[in-house]
Amino acid sequence: MKKYTNIDDIESFPEIIQEAIQLKENPFAYEHLGTHKTLIMLFFNASLRTRLSTEKAAKNLGMQVMILNVNDAWNLEFEDGSIMNFNTTEHIKEAAQVISQYADIIAVRAFPSLVDKEKDASEWILNSFVKHATVPIINMESATMHPLQALADAITIEELKKTKKPKVVLSWAPHPKALPQAVANSFVKMMQHIDVDFYITHPKGYELNPAITLDTPILYDQNEALEGADFVYAKNWSSYSEYGKILNQDSNWMMTQEKLKTAKFMHCLPVRRNVVVTDAVLDSSNSVVIQQANNRTFAAQIVLKKILENLY
Amino acid sequence: MKKYTNIDDIESFPEIIQEAIQLKENPFAYEHLGTHKTLIMLFFNASLRTRLSTEKAAKNLGMQVMILNVNDAWNLEFEDGSIMNFNTTEHIKEAAQVISQYADIIAVRAFPSLVDKEKDASEWILNSFVKHATVPIINMESATMHPLQALADAITIEELKKTKKPKVVLSWAPHPKALPQAVANSFVKMMQHIDVDFYITHPKGYELNPAITLDTPILYDQNEALEGADFVYAKNWSSYSEYGKILNQDSNWMMTQEKLKTAKFMHCLPVRRNVVVTDAVLDSSNSVVIQQANNRTFAAQIVLKKILENLY
Amino acid sequence: MKKYTNIDDIESFPEIIQEAIQLKENPFAYEHLGTHKTLIMLFFNASLRTRLSTEKAAKNLGMQVMILNVNDAWNLEFEDGSIMNFNTTEHIKEAAQVISQYADIIAVRAFPSLVDKEKDASEWILNSFVKHATVPIINMESATMHPLQALADAITIEELKKTKKPKVVLSWAPHPKALPQAVANSFVKMMQHIDVDFYITHPKGYELNPAITLDTPILYDQNEALEGADFVYAKNWSSYSEYGKILNQDSNWMMTQEKLKTAKFMHCLPVRRNVVVTDAVLDSSNSVVIQQANNRTFAAQIVLKKILENLY
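Those protein sequences? They're chains A, B and C, same order as listed. Note that numbering that gives the first Met the number 0 gives residue 128 to position 129 of the first sequence, counting from 1, and the numbers run on in steps of one. Note that numbering that gives the first Met the number 0 gives residue 281 to position 282 of the second sequence, counting from 1, and the numbers run on in steps of one. Note that numbering that gives the first Met the number 0 gives residue 98 to position 99 of the third sequence, counting from 1, and the numbers run on in steps of one.
Hints listed in this document are in silico derivations from the structure and should not be mistaken for laboratory results. Computed from a predicted model, the values in this text were never measured in an experiment. Built from N, CA and C at the ideal position, the CB exists for glycine as well. Do not take every clue at face value.
[Unchecked claim] BS3-like cross-link-like pairs, simulated, lysine-lysine; straight-line CA separation at most 30 Å: (1) C:Lys23 with A:Lys92; (2) A:Lys1 with C:Lys305; (3) A:Lys36 with C:Lys23; (4) B:Lys161 with A:Lys23; (5) B:Lys161 with B:Lys305; (6) C:Lys36 with C:Lys164; (7) C:Lys23 with C:Lys188; (8) A:Lys130 with A:Lys161.
[To be verified] Facing chain C, from chain B, some residues (calculated, C-beta under 10 Å): (9) Lys2; (10) Ser46; (11) Ser52; (12) Pro216; (13) Ser283; (14) Ser284; (15) Val288.
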């Protein structure tokens, strides 16, 4: 693997999922692979799970880890040709090349503006690193994608599925803040690549980018969508068509035990209790959100392993 | 040792103190004990000594260390059943379980509000981690306790005492800000467990929680209390009865060489010079505050060692 | 080497430069030298290159690294005899002694006020650490000096020079913010110690401290200075005589390809594009700024190596 900026960088989905499950059984099996190799993690935004699980994954492989909260440095400039006479101190061209010399792999977290749709779609921060860095880039959630989360989700479904082709439903949920579409986008793409019956349900106006949903069935009736589901992934996102807007906070879309029935409950976390999903669901044995979070370590570790192997 | 949230978690006080002193002589003697083990340190509040000494201690034992300033993530919710529609993003139930999967031990620093006495007394943050985490918790100073400091203090007294049962005095000191009672509380409890003659002196109104001081003699006359002392621990705390209030900033309570005479001067640091204690005391050979701070490493290291040994 | 607070701590300039170049060829050759040794890096100010390259250098030598953004702790007091009743919480006397017990080497970054010339000249923060710490101090850029940068610059010139005694020009550049003289000062001192023809060019009023420039030729005509240059180091600094003031933002002083001709372009980074220097220069093969930044690792590593060797 040459980089992991989106799930299209995966060569074989069944293989990477199985290898991640094997790593989980023996996390230190490749602890010498990362000797003399350094992961630099760059955060433009807040992180808890992603930060800790990715650091853990790299250390399980014997890598050195260096972390920079970009706010501890200064504002970076991303525009070509700009006269940097204002509030940006260093151009991404220099920053990415320089950091590449201190790292063997760079991982980047950079959220969208949710204001400028075209700019967010261009993945200007992530792709500037891809363009100017001279080492492989890992996406720790970008403007429109969260491929490490999607890989952890696929591992979790593989571990828990009881039928060859389970039914999986992505169900939009209410939320007080405008959130990115990144988690939903990457989950949708991942479900299109693994052997599941996949449906999306949300209120009208919350259609995700059609270039991502493609022919995945979209139902506006949540109950109809949830019928017979094996896995239900609740997640809020802000509107894509009315970009970044909150159109609806209808608590009828909150996930409940009544709706969930016997399905496994999935969420990427952090989750707002009794807004996105009830306490009863999260505290039940049907909730697999903690297991999903654990699989973040092994999603990151298999990605780091495959990139490290490609370096030699 | 299963956890170290307060000094009651110590099984044998003489033994842990002696073992810490032995570790100090050979800090790397157990450097393989922590192989493949990870300490996650979570800071809700500022730290200098605690952060550096605890990280050092873990690395002396060969552990991996991951540090999260909680402010680099987001606000956590601690109330059960709350509808998380406002400014908290993740519930401690998820956070503690998730972080437990990335760590073998979690250390937490979370100061009191000094506003809500009952809530602070409940140790809501620390105890939420104890309740929801699935790995051992170490207290790096909580609302009402600072047991790593108290252990370092006991080590220091053991190293320096010239009589079998030295006289130790905890002497309240003035301070411009309202400070927690945590250091004083844990020091009092520690002195009750080791072989010392122990007295507390403070102005009226500064009585600590009587459930902690128990039958420890309290004197309102500082000079009388200091008479013949071998060790004097100066420390400010805000009022417990008029909770979190500053009742008094009387500089007559500042520690001076005249009052100290030949006693050793102790303080947990940071200390405000010429407010809590004079320059002359801190710069004299009677001050043992630097040695106390050094013993923070070995207090943390013996605690980590005992918890690690219990994991196997 | 006992410390590295300024370039005068270097015993032999040709030797340290050659040894750094050898380290670069085999960065892990001394990876056991730092076993059981800890570098603590203290940041009073923002950092990107310095932080990552110094951490990398220490880890290449097998050291443990602990990093403290001083803002994550509290304000330190530096005045002797002060009554600490206001906004400082801990005196440098305690802080430096305490941190020394957790570290084998302490590295400090502390920028100038650019307001109080005498205080900045006294290097009050850096020198307080030198005075009160009990372990060697490394300067990661102080009020008036940036000796790790100057060493990386000297390494870069040595690697790239095509004549025995190349012509090197330090050329002042415009900038929207008042910047320290530290980089320029240390570069000037370094050039005085290595075998180069060295000139400084800047507008009148931008004379650096004459105790540093000594008899280095200063030209106010940039074109005249650049004539026949092999290396041109562009850098802004604020006025030394009218201390910390911006006297001039004349874009005629910006470095361009026309002025540079075939000379190598140097800058310490971060650099403001199209203000200090044009895109065309930075994007050309004459720019060596990325190589300079890479050499920061080996400048730090050779300094750490020499200090570690002196510890035994």
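Practice task
With chain C as the partner, please determine if Ser284 of chain B meets the hint condition of a C-beta pair closer than 10 Å.
Solution key: Cβ of Ser284 of chain B sits 14 Å from chain C, so the hint is violated.
Problem - Hinted contact Ser283 of chain B with chain C - closest CB pair below 10 Å - result: Check failed: Cβ of Ser283 of chain B comes no nearer than 12 Å to chain C, outside 10 Å.
Exercise for the section: Would you mind confirming whether the straight-line C-alpha gap from Lys36 of chain A to Lys23 of chain C stays at or under 30 Å? Expected result: 15 Å, holds
Handout entry: Hinted pair Lys1 of chain A and Lys305 of chain C, Cα distance within 30 Å
Key = The given pair, whose Cα atoms are some 38 Å apart, is violated under the 30 Å limit.
Exercise for the section: Closer than 10 Å between Cβ atoms is the bar; does Val288 of chain B clear it against chain C? Give me holds or violated. Expected result: Since chain C brings a Cβ to about 7 Å from Val288 of chain B, closer than 10 Å, the hint holds.
Practice task
Assess, step by step, whether the Cα of Lys161 of chain B is no farther than 30 Å from the Cα of Lys305 of chain B, and give holds or violated.
Solution key: 29 Å, holds
Problem - Pair hint Lys23 of chain C and Lys92 of chain A, alpha-carbon separation not exceeding 30 Å - result: 23 Å, holds
Handout entry: chain C contact restraint on Pro216 of chain B - CB to CB distance below 10 Å
Key = 30 Å, violated
Exercise for the section: Let me know if the C-beta of Ser46 of chain B comes in closer than 10 Å to any C-beta of chain C, holds or violated. Expected result: Ser46 of chain B check passes; min Cβ-Cβ to chain C is 6 Å, inside 10 Å.
Handout entry: 30 Å limit on alpha-carbon distance, applied to hinted pair Lys161 of chain B and Lys23 of chain A
Key = 54 Å, violated
Exercise for the section: Identify whether the interface hint at Ser52 of chain B stands, where standing means a beta carbon of chain C within less than 10 Å of its own. Expected result: Where the cut-off is 10 Å and the nearest Cβ of chain C is about 6 Å from Ser52 of chain B, the hint holds.
Exercise for the section: Tell me if Lys2 of chain B is really an interface residue toward chain C, meaning its C-beta lies closer than 10 Å to one of theirs. Expected result: 24 Å, violated
Violated hints, listed in ascending order, are 2, 4, 6, 8, 9, 12, 13 and 14; each of the other numbered hints is respected by the structure.
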